[in-house]
Amino acid sequence: MAVTQSRTRIQAPQLARTDPAWRNGILVLAALAAAALLVRLVNGAGVPAVQNFILVFGSLLVEALPFIALGAAVSALIEVFIPASAFARLARLPRPLQMPVAGLGGFAFPVCECGSVPVARRLLLKGLTPAAAITFMLAAPILNPVVLIATAVAYRGRDILWPMVLGRAGLGLVVAMAVGWVMATRSRGDLLRDADPARGAGHDHGASGDSREGRWARYFGQLGADFSMLTKYLIVGAAVASALQTFVPQSVIGGVAETPILSVLALMVLAAMLSLCSESDAFVAASFVQFGMAAQLGFLVVGPMIDAKLGVLYAGTFNRRFAVTVTTAVFAVTLAGSLWMQVLFG
Amino acid sequence: MTRSWSPLRVAVGGALAAWAALFWFLLLSGRTSLYLSSRTAWVVPVGAILLTVSAAGRLASARTGIPEPLGRRTVWGLGFVVLPVAVLLALPPATLGSFAASRRTLSTGLVTTAPNLETGGPVTLASVAAAGWSQDARRSLIRRAGTSVTFDGIVARRDGQPADEFMLTRFIVSCCVADALGVQVRVVGAPPDRFRTDEWVRVSGTFYPVGREVVVDAAAIEPIPRPDNPYLNV
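First to last, the protein sequences are chains A and B. Letter by letter, the first sequence follows residues 1 to 346 of the working numbering. Letter by letter, the second sequence follows residues 1 to 234 of the working numbering.
A portion of the hints provided could be inaccurate.
Unchecked claim - Pair by pair, the computed Cβ-Cβ distance ranges are:
#1 Glu222(B) <-> Glu258(A): 40 to 46 Å
#2 Ala243(A) <-> Trp76(B): 35 to 41 Å
#3 Glu199(B) <-> Leu344(A): 49 to 55 Å
#4 Pro92(B) <-> Ala243(A): 20 to 26 Å
Simulated from the structure, these hints should not be mistaken for lab results. By construction, the Cβ of each residue, glycine as well, lies at the ideal position given by its N, Cα and C atoms.
Using the sequences and the hints given, assemble the complete structure.
This is how it looks when you write it as structure tokens:
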């Protein structure tokens, strides 16, 4: 034992001298320092667009990253501590029952859309059917108590309060189940970009690399792998959303407010551009007073399922066709559902 | 069997620790309000604790019996993950300004009632926002026309606006700055060219709703430091 510890002490500094990773590490640290300096210089120059971009970018990350960490923590928990047999039982349920059960899972796991992506990926890897996992991923950010209460608060005092709250929940579930149904025939390997359970951007094999390691070592290995993979995509997505918020004025969509179908499409596209959190988007939707109920409902259903940062997260998690299929299905079903709700309650 | 530090695990632990450090910094420096509303500020301590535990757990299990190479691509990938930490730590305290006001929705449904107006309390920018949305709040605001108000906000200017006028602007944030919506009042009777665009000022005067706008006839305008909570929260 004493000999082993002594060897360990000797090997760490040897690694430091010989491993080229240290040279790359120093280069990365130098690049980060240069980026920080650049931010100070650009901010000092007082360019309003750049300041606005960094503020929106920072706020999206500060709000979303704890949910990414939480999603990675739950995902690792599912991988390491929950046996696959638990999901096999759920997978044996008839498909028509699986999807609504998975969709209503949001009430048990009330997180934003960023947290539901790693959990859905892990559920798929553990054997849950694609239909159920995708339904859960799309429905959880809408069908959770926090989001529905926020929607009710945003629309309080207005005639369309209940149509908006119940319409958002109902249409959200229907859209999520429709997309789940579309995905039902795909295999896990068809859907996921990388079906290796332990793999992440950091390629941290802590969960499976050394089979003699304890459960907690594997847990933190899995968590680190999921966190680094998802954060990379979240950063790109937040940058795209911030650029859209900075350079595309919201007034550009105002001209189509009175046009029935175009107004719904315009607000759905705006929701995808803005990348708002599902807990706050109702307040923004409620401010579009010039738009009808269908357009506002479309904004509230599409936003938590399709947006700039989610698009990049999907691209990193799922295969290339997934984002296109989900976007097409979500837009089509939401458009039809929103217009139908307008006819019923508008 | 020999166990040695895995550079890969140390690097992933370092990335988690860097993010944890950012969240602790936001919490301890009071900068949370520059990014989030008071309603969602709880995610910062939760993030700080969660990321600290995650980093500690990864670093505590960073010694392994099998070699785990840390490739160049992985190092740069993790550097990219940490990049926003460097950017946000380097960024001096800043808030949305007149540029954002020119590109964001200004009518707001965030505030749907104005209890202050009903009870005879002070007229606030939240009351003005409510009046832009609710007919009841607007009628209440009109009843209070001509009374004294004091508003804090930033100076913004519209194209072609007279030199003795500006738009006093404040943003209402529900969750984070990305969902900010503006509320503006037109200030008249300001000393020409005395206040810079984006400067924080306190305007005292009498207010009058005029059409869809609220106009404040300024009696006094003074520069103020940026408030601790620069955004109005709901």
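Evaluated hints:
1. With their beta carbons about 44 Å apart, Glu222(B) and Glu258(A) fall inside the hinted range of 40 to 46 Å.
2. Distance hint check for Ala243(A) and Trp76(B): the Cβ-Cβ separation is about 22 Å, which falls outside the suggested range of 35 to 41 Å.
3. About 50 Å separates the C-beta atoms of Glu199(B) and Leu344(A), a value consistent with the hinted range of 49 to 55 Å.
4. The given range of 20 to 26 Å is respected by Pro92(B) and Ala243(A), whose C-beta atoms sit roughly 21 Å from each other.
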